[in-house]
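*Asks:* As a plain string of letters, each chain reads:
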Amino acid sequence: MTNPLLEVTDLRVTYPGRGFRAKATEVLHGVSLTIGEGETLGVVGESGSGKTTIGRAVLGLVKPSGGRIIFDGQDITHVSAAERRKLARELQVVFQDPYTSLNPSMTVGDILSEPLVVQGATAKDARARVRTLLDQVGLPRDAAERLPREFSGGQRQRVAIARALAPEPKLIVCDEPVSALDLSTQAIVLDLFIEIQRRTGVAYLFVSHDLSVVRHISHRVSVVYKGDIVETGPAASVTSEPEHPYTQRLLLAAPIADPIEQEKRRAERYRLLEVHRQQAEQAGAVA
Amino acid sequence: MTLYVLRRLGAGLVLALLVTLITFLLLSPSFESVVRERLGPTATPETIAGMMTELGFDRPILVQYFDWLGGVFTGDFGRSLFTSQPVAPAVAARLGVTLSLVVTALLITVVISVALGVWAASRGGVADKISQILSLVGYIVPGLLLAIVLVVVLAVNLKLLPAGGFTPFSEDPARWAASIAMPVIVLVIGGVANMAAQVRGTMIDELRKDYVRTLRTRGVSTTSIVIRHALRNAAGPALTVLSLEFIQMLGGALIIENVFALPGYGQYAFNAALQGDIPIILGITAFGVILVVVVNLVTDVVNGWLNPKARIY
Amino acid sequence: MNSLLSRPRALTRAATAALAVSAVLATAACASSPSNERPGESNGSGGGLGTAELTIAVAAPPASLDPAQLAEGEQAFIWASVFDTLLAVDQENEIQPNAAESYEYSDDLRTLTLTLRDDLTFTNGDPVTAEDVVGTLERTRTTPSPQQPKLAKVSSIEATDERTVVVNLSEPDPGLLSYFAQATGVIGDPETLDEESSTLRPVGSGPYTLADATVDGSEYVLERRDDHWNAEAYPFKTFTVRVIQDRTAAFNALQAGEIDAGRIQPQQRPQVEGAGLTVHEQEAISSLLIILADRGGELAPPLADLRVRQAINMAFDREQFVETLFQGVGAPTVQPFNPSEAAYNEDLEGTYDFDPEAARELLADAGYEDGFSLTMPSTVISQSFEPVVTQALADIGITIQWEPVPPQNTASSLASKQYPAALWFMGLNVPAREVADLYAPTGFLNPFNYEDPELTELFSSIANEADEAAQAELYQELNAFSVENALNAPIAYIGGLWATTEDVDFIPEVSVLPTVRNFGVVEG
Amino acid sequence: MSIEELSIDPGLAAPPRRSPFRKLLRDPQAVITASLLLVIVLLGLLTPFIAPHDPNEAQLSAINADPGTPGYPLGADQNGRDIMSRLLHSINTSMISGLIGASVALAIGITFGLIGGYFGSRLRSVTEWVFSLVMTFPGILLLIVLMPVTKGDYRFTMLIFGVLLSPGIYRIVRNLVVGVKNELYVDAARVAGLSNLRILARHVLFVIRGPIIIAAAFLFGGAISVQAGLAFLGVGSTLVPSFGAMISEGFLNLYIDPMQFLWPSVLLGVITASLVLLGNSLRDAFEGVKLKPAKIAAPKVEQVAGRAESRPSDALLEVDDLVIAYPTPSGKLNEVVKGVTLRVNAGETVGLVGESGSGKTQTAFAILGVLPAEAVIVRGSIRLEGRNLIGLSERELRQLRGRSIAYIPQEPMSNLDPSYTVGAQLVEGIRATTGLSKREARERVLALLKRVGIQDPKRTFDSYPHQISGGMAQRVLIAGAVASRPKLLIADEPTTALDVTVQAEILDLLRDLQAELDMAVVLVTHNFGVVADICDRIAVMQNGQVVESGTALEVFREPKHPYTQKLLGAILDEATVRTDPPVSAGALAGGTTR
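Residue numbers (numbering that gives the first Met the number 0), protein chains in the order written: chain Y, 0 to 286; chain C, 0 to 312; chain H, 0 to 523; chain D, 0 to 593.
Keep in mind that the hints were calculated from the coordinates and are not lab data. Predicted model only: the values in this text are computed from it and were never measured. Even for Gly, the Cβ is constructed at its ideal location relative to N, Cα and C. Mixed in with the good hints, there may be bad ones.
Said to hold, decoys possible - Stretch by stretch, here's where chain D covers chain Y in the computed footprint (C-beta under 8 Å, at least three residues):
| id | segment |
| --- | --- |
| 1 | 29-43 |
| 2 | 73-87 |
| 3 | 112-124 |
| 4 | 188-201 |
| 5 | 210-222 |
| 6 | 230-241 |
| 7 | 259-272 |
Claimed, not checked - Residues of chain D placed beyond 10 Å of chain H at every Cβ, according to the derived structure:
| id | residue |
| --- | --- |
| 8 | Leu23 |
| 9 | Ser120 |
| 10 | Leu204 |
| 11 | Val265 |
| 12 | Val269 |
| 13 | Val300 |
| 14 | Lys457 |
With these hints in hand, go ahead and build the complete structure from the sequences.
*Replies:* Written out as C-alpha cells, the structure is:
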C-alpha cells in the first residue's frame with residue numbers, strides 16, 4: 000500500500016477532571032491506526048473504551064495530548080482553526096444520533112447547503128448539489144423544504160449522510176451511525192454506506208459497539224479496550240477467529256438470533272470465561 | 000466541604016472588595032459636595048476645607064479606601080457622616096427589620112407555593128386551573144398598588160393593623176406580627192406567583208421521569224412518590240428560584256418599606272445614597288454583597304445536600 | 000430657617016410638592032400619643048407637672064447631636080429638648096432670655112455679656128457654669144461644623160465668674176443673638192463633648208433626656224426631667240419622635256391614630272377634618288422665590304438688566320399661585336422677608352402686579368423681544384413648582400431649562416456658580432439672618448457675591464446700630480432697595496397646616512425653631 | 000438503545016410544521032394582548048398629533064380640574080397639567096424605557112452568554128465573575144451616584160438598568176448555549192468548516208431564540224416597571240411625564256381626586272399585564288405544548304369488559320383485545336395499541352418483539368397499570384390469575400405491584416431516584432410491600448444485592464445511583480424487582496442500554512432468577528439475539544398488533560408472517576463479512592466529477 004489516507008500514531012487524549020483540582024483522566028493511551036483510500040476501518044469497543052474519542056480527535060473536536068494524526072500527507076494534529084476549516088472539504092462526519100445531529104430549526108435544504116455555501120459555492124450551485132445529494136441517499140427532492148423533525152430516524156440519518164457527502168470528502172468518520180436505528184432500517188442504511196463508498200471511493204472510519212455491524216461494513220477492524228487498540232486485522236478474521244481474549248469475549252457475548260445456535264454459543268462463552276478465569280488465577284499464583 | 004465553603008467565601012470577599020472599591024471610586028468626585036451639604040448653607044470655604052481634612056477626604060483616594068478597609072477588618076465600618084451613628088450596628092439594625100420581613104415572607108411563600116405547585120402538578124384538573132389563575136393574578140397585580148390598597152383599607156379605614164412602623168419580635172411577638180403583616184402579604188403574593196409556577200413545572204417534569212414509574216411498580220405509595228421523591232428532586236431548581244427571589248425581595252423591599260413606613264434596609268440604603276452618606280453607602284454595599292454571597296453559598300450547599308449528583312465539593 | 004436647606008431630606012417621593020416644603024421648612028409632622036390618660040385631665044390637676052404623652056413624626060432622623068454639628072429644622076424637636084439654648088425666640092420673633100437670664104451688648108456692639116440662671120443642671124447632676132458655656136462655644140468656634148461659621152465674628156469668649164459669659168466680637172454681628180437662640184446657643188457638657196457618645200446620647204441641661212427605649216434613626220423617646228428649671232412649661236411627660244419618611248405613610252399613621260398630630264397638605268384638609276382631627280394653620284413659614292443670583296450678568300447677561308429682573312417679577316400671578324397651588328395656605332408677596340418682622344413693609348406689595356403684557360414690553364425694551372433662555376438647577380426644592388414656574392416665564396418669553404441635580408448637591412448647586420438663577424425656599428427668620436443670607440457679599444443666597452455700594456452702606460449701618468427702632472428702619476430701607484431693584488423674584492409665603500387630635504393643641508410659640516413647646520394640651 | 004423508542008410520547012407528539020408565529024396567531028390571549036399593546040403603542044406614536052396639550056403645560060386655572068372640563072377630557076393634575084396629554088406622553092416614556100432597558104440587557108446578556116457558554120471554561124469564569132459583580136452591585140446607588148453624569152435623563156437611567164438586568168439574560172443564554180453546544184449538530188457544523196461566529200449566529204442563537212424572545216417580553220415589562228418605580232420614588236427629571244410620577248402625584252391627591260391616581264395605574268397595569276400574558280403566550284408557542292400535570296393514577300378506562308368478572312384460568316396472564324389510545328390535539332383518540340392478545344403461563348418466558356412504535360412498551364405499561372396520565376384504555380382486558388386488572392384503582396393496583404407483578408426498566412440510570420442511595424430506594428420498596436422493619440429490610444436488600452452478583456453489597460447499598468455503573472444499576476433494579484418473589488416479571492428492554500458483555504451477564508442472571516423463583520417473564524425487546532437466548536415463546540408486534548406468536552424455535556425457524564420474515568432477514572448474520580476490496584478514489588477519478 001502507498002501512503003495511507005489517514006495515519007494515526009500513538010494518539011493520546013486526556014480529559015481534564017471536573018471540578019477543583021480533579022485529576023485529569025487519560026482516555027486514549029497511545030492508539031495507532033491507518034486507513035487507506037476507499038477503505039473502511041471498523042473500530043469496535045464497548046462504552047467508555049475510547050472508540051468515539053478516536054473519531055473526535057481525528058475531526059479536531061478534542062485536542063490530543065500526544066501522538067500524531069496525518070491526513071492525506073498533512074499533519075493535522077494541531078492545526079489552526081482556519082486550516083481545520085479547509086479540511087472540512089476532505090474530512091466529514093456522520094454522528095450516532097440523527098435526532099440531535101441535525102439542527103431542529105433548519106430545513107433539510109439549509110442543512111445540506113450550508114457547508115457548501117461556507118466553502119464558497121453559489122446559492123444556485125448549492126441547490127443543484129442538494130438535489131443530487133438527496134437523490135444519492137434516496138430521499139425525495141421535496142425533502143429540502145422540510146424540517147428534520149418531519150422525518151423518521153432512518154431518513155434523518157440519510158440527511159446526515161448527505162450532509163457528510165456534500166463536499167465530496169475523502170474520509171468520513173462514522174460514529175455509531177446505525178445504532179439508534181431500528182433493525183430493518185439499520186441494514187438498509189449500512190448498505191447505503193457501502194454503496195456510496197463503492198461509488199465515490201470515500202474512506203470510512205467506522206466506530207461501533209456492534210460487532211455484527213462492523214463485520215458487515217469494514218475491510219479491516221480494530222478492537223478498542225480501555226483506551227488501547229488490542230487487536231487489528233482483516234474483518235473476517237478479527238470477527239470470527241479473534242486472537243485477543245477480550246475480542247473473544249466480545250464475540251461470544253453477542254447473542255445469535257437462533258435459539259439453538261445461541262445455546263451453543265452460550266456454552267462456548269461459559270467455557271471461555273472458565274479458561275480466562277483459570278489463566279487469571281495462574282497469573283495471580285505466579286505473581 | 001469546608002474547603003469548598005472557605006473557597007467560596009474567599010471569592011465572595013474578593014467580590015465585596017471589588018464592589019466596595021468601585022463604589023468608593025464612583026463616590027469620590029462627590030465628597031466635597033457631600034461635605035458642603037453636611038455643613039449646611041452657611042458653610043464657608045474654610046469650614047469645608049477644615050472638615051475635608053478632618054474626615055481625611057483630602058488624602059489620595061486609594062489611601063482613603065485602604066484606611067476604610069483597615070477599619071473594616073477590625074470591625075469598624077466608620078460612622079455616618081450625617082447622624083454620626085456607627086455604621087455596623089446601624090446597618091445591622093436596619094437589616095434586621097428587612098430580614099425579619101423578607102424571611103417571614105419567604106417562608107410563607109415556600110409553604111404556599113409548594114402546596115399549590117405540588118397540588119397542581121400531581122392532581123391536574125381543577126387544582127391546576129386554580130393554581131395557575133392564582134399565579135397569574137400575583138404576576139399581574141403590581142405590588143405597589145396592592146400595598147397602597149391594603150394600607151388604605153386595613154389600616155386607615157378598618158384600623159385592623161398598624162399603618163406603619165416596626166415592632167421587634169423580641170419586644171412583642173403579637174405586635175411584631177401585626178407590624179409586618181401587610182408588607183408580608185404584598186411580598187408573598189408577588190413571590191407565590193413566581194414560585195408556585197416554578198414548583199409546578201419542575202414537579203411535572205419530575206413526575207414524568209422514569210424512576211417515578213419504577214417506584215410505582217414496586218408498590219411505593221403515591222404520597223411517598225410525590226413528596227419524598229419527586230418533591231425532593233424538584234426542590235433543587237425551586238431553591239435556586241427561591242434564592243433569586245430572596246435577593247429580589249431584599250432589593251424590592253425599598254418601595255414596600257416606604258409605603259409601610261418600616262425603618263428597613265432598602266429605605267436606609269436609598270436615603271444614604273441620596274444624601275451621599277459615604278460610610279453608610281460603603282457599609283451597606285459591603286453587607287449587601289456578603290449577604291448575596293452567603294445566600295448563594297447556602298443555596299449551593301443545600302442544593303448539594305438535596306442532589307448528591309450536584310455536589311460540587 | 001434657611002439653614003434647614005443644609006439637609007435636603009432624603010426624599011421618598013421627591014417629586015411631591017409638599018414633601019419638598021416639609022423637607023425645607025422642616026417643621027415636622029407632630030402628634031401626641033393616645034396615652035391611656037387623657038392629657039387634659041392630668042395637666043389640669045392643679046399646677047403640677049403634666050403627665051400627658053406626645054408622639055410626633057419627623058421625616059428624617061436627626062444629624063449628630065454633638066452641639067457643634069447640630070442642624071436646624073425639624074431635628075430641633077430632639078436637640079432642643081435635650082439642650083437648653085442660651086436665648087430663645089418667641090412667637091413674635093423677639094429674642095427672649097432662656098438659660099441666660101439676661102444679656103447685654105456693649106455700646107460698640109463688640110461685647111456681649113450673658114448672665115446664666117443659677118438653677119441649671121446637667122442630666123448627670125452637675126451644675127451648669129459659665130465655663131461650660133465657654134467650653135461649648137469655644138469648641139463650636141474651632142470645629143469645622145455647620146455652626147462654626149456663625150461664630151466667625153467672635154474673637155474670644157470668656158467666663159468672668161460662675162454665671163457670667165463675655166463674648167468679644169471682632170466686628171458687630173446683628174445675627175448673633177438669634178444664633179444664640181438657636182442651635183449655636185446650646186449648652187453642652189464640655190467634659191463629655193468629645194466622647195463619641197455625645198453624638199447620640201449627649202449630656203445636656205435641657206428639659207428632656209433620651210430614654211433607653213430610643214432606637215437611633217427611627218424612634219426617639221424623650222423623658223421629661225422633672226427637676227428642670229422650666230419643667231412646668233412642658234406638659235408632656237414623654238415626648239416621642241418617630242421617623243416616618245414617606246409623607247403619605249405619616250398621613251396614614253395620623254389617620255390610623257398612631258400619631259395624633261402631623262403636618263398635612265392643604266388638599267388633605269377635608270379628609271382630616273372628616274376623621275375628627277383639628278387643623279391648625281400657620282400663615283407663613285417660608286418664602287418661595289427665584290434667586291436671581293447672577294444679577295451681575297456673568298453667566299446670563301440679561302439678568303444684569305433691571306428691566307429683565309422686573310419683568311420676571313411681573314410674570315407671576317401670585318394670587319392664583321397661592322389660591323390654586325397652595326389651596327390658600329400662604330400669601331402672595333414680592334418681598335422675601337418674614338412678614339411678622341421689622342424688615343417687612345406692607346406698602347411694597349403692590350410693586351409688581353401680574354402683568355405679562357408689561358413684562359414682555361420690558362423685555363422688549365431691554366432688547367429681548369424674542370426672549371432668552373435660562374438654566375436653573377432642578378433640585379428637591381424646586382421640582383414640584385417647576386411646571387408652573389416654567390409656564391409663567393414661558394408666557395413672557397423666557398425659556399427655563401431645568402438641570403437635574405442630585406439631592407446631595409442641592410446646596411452645592413447654588414454655591415457652584417453654575418446657575419444664574421434658582422428656584423428656592425427661604426425659611427423665615429429674624430431680619431438679621433435673612434438679609435445676611437440674601438444680600439451680604441458672602442451670603443449663601445448670594446453665590447455670585449453681588450455687591451452694591453448702597454447695600455454695603457446699609458449693611459454697615461445696620462451692624463453698628465444699637466437702637467432697635469432705628470435698626471428696623473434701616474431694614475425696611477434695605478428691603479425697599481431690594482424690591483425696587485428686583486434683586487430677586489419672590490413669589491409667595493408658604494404656610495403650613497397641622498392636624499392634631501382634639502386633645503392636643505398646636506401653638507406656634509417659637510415659630511423659627513420647632514420644639515415640643517409648639518404643642519400644648521387642650522384643657523378638658 | 001433505540002432513540003426512536005425513547006422519543007415516542009404519543010400524547011405529546013408535535014404536529015408537523017407550524018411556526019411559533021402562526022401558533023401565536025391562533026392563540027386568543029396572544030392576539031388580544033398584542034393588539035392591546037399595539038393600540039397603546041400607536042396612541043403613543045400619535046401623541047404629538049392627538050395630545051391636546053404639552054405634557055408640561057401648567058395652567059394655574061386648571062389645577063385639579065375635573066374630568067370633562069373643556070380642553071381637559073380627563074381633567075388636570077395638581078399643577079394644572081392635562082392628564083390625558085401626560086398619559087399619552089407617559090406611554091412613550093415607558094415604551095422607550097422598555098426598549099432601552101430590554102435591548103441593553105439583551106445585547107449584553109446575549110453577547111456574553113454566547114461567549115461564556117460557547118467558549119472554554121476560562122473565558123466563562125471571567126464572564127461569571129463580571130456578572131456576579133454586576134449582580135451584587137447596588138443599582139439604585141449607582142443611579143444616584145451617576146446623576147451628575149446622567150442629568151437625571153430616564154433614558155440614561157434605563158441604560159444603566161439594562162446593564163443591571165443583563166445578568167438574568169446572561170444566565171439564561173449561557174445555560175442554553177452550554178446545553179446546545181454539546182449537541183451533535185454543533186459538532187457537525189464545526190466539522191463542516193463553519194467559523195465560530197457563524198456557528199454561534201446560525202446554529203446556537205437561532206436555536207435558542209425562543210427562550211430569548213420570551214425573556215425579552217418579560218424583560219420589557221420589567222424595565223417598564225423599574226422606570227415606573229423609580230419615577231414613583233422621584234429619581235430623575237420631573238419634566239418627563241411618566242406613569243410612576245403620575246401615580247406618585249395622583250397618590251398625594253388620592254382623597255381629592257382619586258381618578259388622578261387611577262388613570263396611570265390602570266394604564267400601567269394594562270401594559271405590564273399584557274406583556275406578562277403575551278410572554279406566557281410566547282412561551283406556549285415556542286416551547287411547544289403546555290406542560291400537563293402528571294397525575295399519578297390508574298389509567299383512564301373507556302369501557303370495561305367484565306369488570307367484576309373473575310374467571311378461573313390456567314394462564315398466569317391473559318391480555319385480551321387490549322386497545323390503548325392517546326388523545327390528539329384535535330381531541331380525537333389515536334390508537335397505539337390496537338387489540339393485543341397475549342397469554343403467559345406461570346414460569347415461562349415470553350418475548351414481546353417489535354420495532355419502535357409497535358406498541359410493545361405500551362402493552363407492558365398497561366399490564367403494570369403505569370401508563371402515562373393521558374393514556375386511555377379503550378377496551379380489552381388484562382387478567383392476572385383470572386382477575387381483571389383494568390378498572391382497578393391505583394390503590395388496588397399497588398397491592399399487586401411489587402408482590403405479584405414486578406418490572407425491570409430499560410434505562411437503568413434514569414430509573415433510580417438520583418437523590419437517594421441505592422439501598423434506601425430498595426428498602427422503601429420492600430417495606431412498602433412486606434411491612435418488614437427497617438433492619439430486616441436492610442438485611443434482605445443486602446442479601447438480594449449479593450444474589451444479583453454485586454461484589455460489595457454494603458458499598459453499593461450506600462452508593463448514590465450516579466456512583467455506580469450502568470450494569471450495576473441494572474442489577475440493582477433487578478434486585479428491586481425480584482425482592483418480593485413476584486409471579487410475573489415485566490422486563491422492558493432490560494439489556495438495550497448495556498454493553499454486549501454486560502448484556503450477556505444480565506441475561507444469565509435473569510435466566511437463573513427465573514428458574515429459581517419460578518417466575519413468568521415478559522421480555523420486551525427489539526433484539527432477536529436476546530430473544531433467542533432466553534425466551535420460550537415469542538409474540539411479534541407490528542403497528543400495535545401481535546402479528547405472530549409461537550415457540551421461539553417455531554418463529555425463528557419457520558416464520559409465517561411476512562413481517563417476521565422481513566425482520567429476521569434484516570439481521571446482520573455471522574456469515575455476512577465484507578469481501579470487496581477498498582476502492583481507491585484514484586481508481587474512480589475518471590468517473591467522478593471532482
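*Asks:* Hints the structure violates: just list their numbers, smallest first.
*Replies:* none
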